[in-house]
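Number of protein chains: 2
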Amino acid sequence: MNGRKLVAVPITPERFAPFGQVIGTLPERRQAMNAARFERFDHLASIDIEAADDGRPTLSIARARIATALPYRVDMVERHPLGSQAFIPLAAFRFVVVVGRPGESVEAGDLQAFVTNGHQGVNYNRGTWHMPLIALEAGNEFLVVDRAGGGNNCEEHVLAEPLTLCLE
Amino acid sequence: MNGRKLVAVPITPERFAPFGQVIGTLPERRQAMNAARFERFDHLASIDIEAADDGRPTLSIARARIATALPYRVDMVERHPLGSQAFIPLAAFRFVVVVGRPGESVEAGDLQAFVTNGHQGVNYNRGTWHMPLIALEAGNEFLVVDRAGGGNNCEEHVLAEPLTLCLE
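One line per chain: the protein sequences are A and B, in this order. Just so you know, the first sequence maps onto residues 0 to 167 in numbering that gives the first Met the number 0. Just so you know, the second sequence maps onto residues 0 to 167 in numbering that gives the first Met the number 0.
Each hint should be verified, as a subset may be incorrect.
As the list claims (entries may be wrong) - Here are the in silico distance ranges between beta carbons for each label pair:
id : chain 1 : residue 1 : chain 2 : residue 2 : range
1  : A       : 153       : B       : 161       : 27 to 33 Å
2  : A       : 50        : B       : 160       : 41 to 47 Å
3  : B       : 161       : A       : 118       : 44 to 50 Å
4  : B       : 26        : A       : 50        : 30 to 36 Å
5  : A       : 17        : B       : 3         : 35 to 41 Å
Stated by the list, open to error - To be clear about the criterion: a stretch of chain A counts as covered by chain B if any three or more of its residues have a C-beta under 8 Å from a C-beta of chain B, and this derived list gives those stretches:
id : segment
6  : 57 to 65
7  : 103 to 114
8  : 121 to 128
Unchecked claim - Stretch-level coverage of chain A by chain B, calculated; a stretch enters the list once three of its residues show a Cβ under 8 Å from a Cβ in chain B:
id : segment
9  : 8 to 17
10 : 78 to 91
11 : 143 to 153
Source of the hints: derived by calculation from the structure; they are not laboratory data. Using N, Cα and C, we set each Cβ at its ideal position, and we do this for glycine too.
Produce the complete structure using the sequences and hints provided.
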């Protein structure tokens, strides 16, 4: 495959902070709930939804029909100017994301790639550029928390130079 | 155990409609996304969050520290007047809920119990009375989508007569 190579590195809250939040059970976030029957890890993501045009948060499920093998050619990214978007695996599996900081322009050199540990989700901040969702295995299911409502909430950008996405 | 017996029946969207939504992959809700790499099941829950007092939706994870065995004595229910509350299992496991319609008063005879099929979550409408979350196995993890912010968003009610919750 041609194009610049982009290697996915393990995701951490610190590395991912410019793009959004990692949704996982960090020990330092633990609190007791329901008379200590449960541990609760609160406020793992900033749900930021534009209310204009009947905007509201919504829950959906996305299920992969096909697996995407790596290396994988990335030639397009998208962003959602009207809201954050979270993807949380509904079982233990890893997935790979490609992201760029919010801003008017983005090209291949601005992008970073991350791989989860199988027990993490992500929340993209409003406007974060990202590769459309891919799954490493068919059948992988994600809970999606994003925006329902009117207005144009998806902008796509074709990269001048494609990337080849790989795992380490 | 004493008290009225309440048997949990399989949850369905229709049975649960007075209390909230069942979050699952109903075939009739399927749509293609990302160039047909994924199926997406949209708008599975009504996220209804009071914005006053800095109210906003938030994502959390709740992990069971202990298993709750059935039959189980239910002597208290709670409701959240300022927002809906969703629980979505982060792996395939069943769980049991006890619910009553929103309203000022609730007693044992007003409550119903449901059990999921292992691949379903629930969203309680704002104000729905419910038993505090229990898990059938320790370690069960739920994604929680509810309200962060000020104000009193939890009201508890001790039942005049306790219930004994059972599976069929």
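Against the structure, the hints come out as follows:
1. A:153 with B:161: 27 to 33 Å: violated (51 Å)
2. A:50 with B:160: 41 to 47 Å: For residue 160 of chain B against residue 50 of chain A, whose Cβ atoms are near 43 Å apart, the range 41 to 47 Å holds.
3. B:161 with A:118: 44 to 50 Å: violated (37 Å)
4. B:26 with A:50: 30 to 36 Å: holds (32 Å)
5. A:17 with B:3: 35 to 41 Å: violated (55 Å)
6. 57 to 65: holds (count 9)
7. 103 to 114: Result for this restraint: violated, n = 0.
8. 121 to 128: Violated, because only 1 residues of the segment 121 to 128 of chain A bring their Cβ atoms closer than 8 Å to Cβ atoms of chain B.
9. 8 to 17: Coverage by chain B is violated for the segment 8 to 17 of chain A (0 residues, Cβ < 8 Å).
10. 78 to 91: Check passed, 6 qualifying residues.
11. 143 to 153: Coverage by chain B holds here, the residue count being 3 at a Cβ distance below 8 Å.
In the structure shown, a violation is registered for the earlier hints numbered 1, 3, 5, 7, 8, 9, in ascending order.
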